[in-house]
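Visitor: Each chain is listed here by its residues.
Number of protein chains: 2
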Amino acid sequence: MDRDAYYMGLALEEARASAAMGEVPIGCVIVDEDEIIGRGHNQSESMDSALAHAEIMAIDEASKKKGRRIGSTLYVTVEPCPMCMGAILNARVDRLVIGAENPRFGAAGSVVNLAAFRAFNHSVDVRRGVLEEECGEMMRTFFKSLRP
Amino acid sequence: MDRDAYYMGLALEEARASAAMGEVPIGCVIVDEDEIIGRGHNQSESMDSALAHAEIMAIDEASKKKGRRIGSTLYVTVEPCPMCMGAILNARVDRLVIGAENPRFGAAGSVVNLAAFRAFNHSVDVRRGVLEEECGEMMRTFFKSLRP
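Sequence lines, in order, name chains A and B. So the first sequence is numbered by the UniProt record's numbering: it starts at 1 and just counts up by one. So the second sequence is numbered by the UniProt record's numbering: it starts at 1 and just counts up by one.
Among the hints, a few may not be true.
No copy labels: a pair is met if it fits in one copy or bridges any two.
[Unchecked claim] Here are the simulated lysine to any residue pairs, SDA-like style, with alpha carbons at most 20 angstroms apart:
1) K65 <-> R92
2) K66 <-> D32
3) K64 <-> I36
Please keep in mind that the hints were generated in silico from the structure rather than gathered at the bench.
This is chain A alone, in the form it adopts within the complex (with noise of 0.2 angstroms):
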């Protein structure tokens, strides 16, 4: 099986332990040369905190192992908002690995693409659509659950 999708299926293990939560599901697990050095799943209504997305989670843990410049692929059920996308460039991550797109805040191109701003001292190397339908068909479900 592709390597990408192998850790994006552990990405979505992340995101099934928000939506048992009762929270938006979206998971992320960072890679250092096969090695798993940071999980996260989304906890913002649990911990009451805007701060609580998945990919923080995870950047938080592997800062603890490498230090502020984690290097590392991050994959991601759903494409990053600007803050998370922010502390991916911050981070120095070098490869981005994301699963559903994310029209309404997603900041690697759907409505901004901090990526590609060169200025911001890092550039990421974006893969897209890696499970892509089981992470976005994770999306539908809790959204539709969300309705009377």
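Starting from the known structure of chain A, arrange chain B on it as the hints suggest.
Guide: Using the frame of chain A, we list chain B on its own:
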């Protein structure tokens, strides 16, 4: 004295705490109806984390009091980077007051203007140039001190 200048002075005190630690001197305070609900100073080096910017530290503290939508006015001595500007939008900060410009990484207009993307569900009122000279001078002094 101008109320904004008063609170920017407190943000400058936070920036001084960063400078004393050998960190890039950026400070932040968050004010909700004349009550300070968050303070932060850049600690990227000492915490060895790309997330440890002044605004993130202050929003984290404010969220513990007000939850994930903090509203309020956020004072920061230097224009926010994309990560912090994204966090400001996610946390639904009502008003952003900036000291010095950040021509390299500024995401409130200097390199990109995330505040202007109405697509991001929330817009924030921005005032610039409050104690600009003092805020900028602190940065210049710091970077000068790094040169041999």
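Visitor: State for each hint whether it applies.
Guide: We went through each hint and held it up to the structure:
In this homomeric assembly, K65 and R92 come within 20 angstroms of each other (Cα to Cα) only inside a single copy, at 14 angstroms, whereas the closest approach across copies is 31 angstroms. Taking the shortest Cα distances, K66 and D32 sit within 20 angstroms of each other inside one copy (10 angstroms), while across copies they are farther apart (36 angstroms). Within a single copy, K64 and I36 get their C-alpha atoms as close as 13 angstroms, which meets the 20 angstroms cut-off; across copies the closest is 30 angstroms, which misses it.
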